[in-house]
Amino acid sequence: MRARVVITGVGVVSAAVTGDSAALGAFLVAPFAPTARALGAGAVAALIDPGESRRLSRVCQFTIAAARLALRESGLDPAAGLGLVVGTEFGDLASTHAFADGFLARGHGGLSALLFPNTVMNTMVATTAIAVGARELALTLNAPTVAGELAVARATAAVASGRVPAVLAGGVDELDPVVERELERFGFDAERRSEGAAFLVLEPRVAAEARGAPVLGEISAAAWRALPARPWGVGRTCRSPAIEAVLEAAGARAADLGWVYASGSCDDARDRWEEQVLGAALGSVAPVSTLGRLLGRHAGLGVLRVAAGAWTARSGLLPATDGATRVERVRPGRGLVHGLARGGTHVALVVDAA
Amino acid sequence: MEEKEVLDELKTILVARLKFDPRRAAETTESTPLPKGVAGSIGLDSLDFIELSIAIEERFGIAMDENQDLTEHFASFDSLSRFIAGKLRSA
Amino acid sequence: MTQVVVTGLGAVSPYGVGVAEYWKGLAGGACAIRDLTLIETDGFRCRLAAEVPQPLAGSTRRTRADRLAIAAAGEALADAGLGTRDCAAAALVVGAVGGGMLEAEAWYWRTARAGVRPASLAALRAVLPSAHAETLGSRFRLGGPRHTVVTACSSGAVALAEASELIAAGVVDVALAGGVDAITRICFMGFNALKLLDTAPCRPFDRERRGMSIGEGAGFMVLEAEARARARGARVYATLAGHGMTTDAFHVTAPEPEGDGMMRAMRAALAGGGITPAEVQYANAHGTGTPQNDRIEARALARVFGEGGLLVSSSKSMIGHTMAAAGSLEAIATVLALGHDLVPPTANLATPDPDVPFDCVPRAARAARLGCAISNSFGFGGQNVTLLFRRGVA
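Chains as they are written, first to last, in my numbering: chain A, 1 to 354; chain B, 355 to 445; chain C, 446 to 839.
Any given hint might turn out to be false.
So the derived label-pair ranges between C-beta atoms look like this [stated by the list, open to error]: (1) 555(C) <-> 22(A): 25 to 35 Å; (2) 98(A) <-> 391(B): 23 to 33 Å; (3) 210(A) <-> 424(B): 49 to 59 Å; (4) 442(B) <-> 796(C): 44 to 54 Å; (5) 391(B) <-> 482(C): 55 to 65 Å; (6) 392(B) <-> 324(A): 36 to 46 Å; (7) 786(C) <-> 253(A): 53 to 63 Å; (8) 391(B) <-> 796(C): 45 to 55 Å; (9) 554(C) <-> 411(B): 46 to 56 Å.
Derived DSSO-like pairs: lysine-lysine, alpha-carbon spacing no greater than 30 Å straight-line [as the list claims (entries may be wrong)]: (10) 358(B) <-> 373(B); (11) 365(B) <-> 441(B); (12) 390(B) <-> 358(B); (13) 640(C) <-> 373(B); (14) 373(B) <-> 441(B); (15) 640(C) <-> 365(B); (16) 469(C) <-> 441(B); (17) 365(B) <-> 390(B); (18) 390(B) <-> 441(B); (19) 441(B) <-> 358(B); (20) 640(C) <-> 390(B); (21) 373(B) <-> 390(B).
FYI, nobody ran anything at the bench for these hints, they're computed from the structure. Glycine included, C-beta positions come from ideal geometry on N, C-alpha and C.
Okay, chain A solo, but in the shape it has when bound:
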């Protein structure tokens, strides 16, 4: 018997907005592209102890800050059993360069024991688990483009199956100068990218209601599949098994979806492919918002879009993403959050009002 999965907490850390579901809602009502893509130096200082921060790399600090915001909003006690699933595209590459640079510059004396654990991509999960006391399953999922959405989908499955009493599902990425330089050198800098972290607390509906937790939305179905495409290529197949799977699981038809959050981010070829996939599955009826075009893509944004979906389901408002500071009115209630990566990995989630 599969449990119904609800969102009881949201935490976001980004240049555009930092805070819980209320802060996110206030942003989505009047969305704008921040002048800086990167987070400022003190962005998460209030959420991380100075004693802790000494040992935490920047990307780990983003992760812990957003996780703490979400947990605080939900009021969940981790001691009751908490899992952790974090999606990331690049992990802690900054620490990886720094570790290599230390050796290249100074030889053996330049090797850093403190940096070494950060060269493994599970470092954000390892440090966040310690910071919040998550002792059940803990996963780091690495994927191009859709790592955040994937983490939410995987976490939803874990809660629905009863394997874990609650899960912190998040995404995080940090802007990395080496990556940015190489993308530019090879002419792949059209896509808008930024950095940040976002988390959701996911619990079974019954448990959330029993403890009087805020129920911010429900994830009625989640699925991920792979469309045929060469690695990092754009495919031609438009029929989406993931969208079919979630519509069936949610008992929904395309016409029931009032809105869509898609993963477009100005990678024109990929964005077009996603438009074709969404068009094939849903027709062109539901309005689409692509926050990546406004805010820049990172794994945290994938999770933020699910939280935004819950907000839209409640409010009947959908942020415009063509640069103008406005929202449209849409039919409140259920809609779709979707992500499609080059190479074909794609994720679909049906999100409902509480």
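Given chain A, work out where chains B and C should sit, using these hints.
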């Protein structure tokens, strides 16, 4: 090198290698305990001590014998400075 | 609940290519830990590793790790007899850590030393752990759910657990899953800097043990819903009867001293399979050879199974710590042990540690009637996974 100079170098290592805030590092004295869990210590754990050993080997050019139990030398800045100064003298 | 069975195996190990070579090496107790040849080792304390013998199959345009993965995954798919239509619906879960870092390091080192900036975007994209899933998914036309897990040293085991969850939940009825890692400079230098490596080949559970040895390889399994396997007359190696995954939430590198997370993972695996500790005859340990891991793991094993309650051995004594591949290569060793009623030994075990209250099968494989066996993988950051295998089908 005298113990006082060694202590100053260790404070530099605290900032450069162990990522301490410069003000926190400046506040430490010879009697400040190092290991986590000791009252008034700067709270170093096992990974910090490995980093500190690597930094000491690099900065002072001495080798730390891994077969020897060095715990007592790492108890405070005072004991560590004396240990390092002693190794430098006998080098 | 859908039973999950193992219908295909594929391995590239420090013994060579293929499952047959792998089992031959393990059963013979051969230690494959030797002088490192793939990277510079001057001035490092430990200069050993268990490398996959050269030359590797596959195109030199691909990363070393991708080539290992393709060979092992291809063998598993062929072994299971999966055709194109099976693959089109199959899930893919990969456990990875280093990804294509060996090649990215070579580029980065050259750039730093000579200011040269070769490499292509394709080469750089192949760095990330997720690259293997992109390569395998495309190469073998796997159209089901695809994801990559990075849980440090337990990644290969987590991949198998993840695939079994997808099958048990009815999302798919067949999956390819496993882990892969190639030697990297960062891994070699980092473990050296942490002084976690023995300067001799590692000696798990030995009183004189001094640390790990690193290794590389790839191990993949085809997992299937039991009903589907039976319907098509597939050969079943074993049932993946249960799994447990927990987190220490204690320290980024050191294991929690009481082994509580390890114990919970083992208990969850047994509970998932409806198996009591007395029904398990063998544990393929994480057994890295570090003083800490082996002591704490032995304590956790004793708390679950009782002192002397089962045979314990460490494959890392022979193939080293193959990082993201360890969990899946060692799961394959466990499945083969069940099939052959033969427990692979702990090599280099000269003086068993008196604080380890188990027969760790020193130096020579042991014939034993095996019904159930577990495989433990405990990753950096306290990421603990136990897989429970049962011979045959329920």
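Cβ separation of residue 442(B) and residue 796(C), checked against the hinted range 44 to 54 Å: The hinted range 44 to 54 Å is violated for residue 442(B) and residue 796(C), with Cβ atoms some 38 Å apart.
Are residue 358(B) and residue 373(B) close enough, with their CA atoms no more than 30 Å apart? holds, 21 Å
With a cut-off of 30 Å on the C-alpha distance, tell me whether residue 390(B) and residue 358(B) pass. holds, 24 Å
Evaluate the given range 46 to 56 Å for the C-beta pair formed by residue 554(C) and residue 411(B). violated, 23 Å
Can the restraint linking residue 640(C) and residue 365(B) be considered satisfied, given a maximum Cα separation of 30 Å? It holds: about 24 Å lies between the C-alpha atoms, which stays within 30 Å.
Holds or violated: residue 365(B) with residue 390(B), Cα cutoff 30 Å? holds, 17 Å
Does the structure keep residue 373(B) and residue 441(B) at a Cα separation of 30 Å or less? holds, 26 Å
For residue 365(B) and residue 441(B), compute the direct alpha-carbon distance and say whether it is at most 30 Å. holds, 19 Å
Residue 324(A) and residue 392(B) - C-beta distance against the hinted 36 to 46 Å: Violated, at about 59 Å.
Can you let me know if the beta-carbon spacing of residue 786(C) and residue 253(A) is within 53 to 63 Å? holds, 55 Å
Between residue 469(C) and residue 441(B), is the straight-line Cα distance small enough, at 30 Å or below? violated, 51 Å
Could one say that the CB atoms of residue 555(C) and residue 22(A) fall in the range 25 to 35 Å? violated, 51 Å
In this structure, the hints that do not hold are numbers 1, 4, 5, 6, 8, 9, 16, in rising order.
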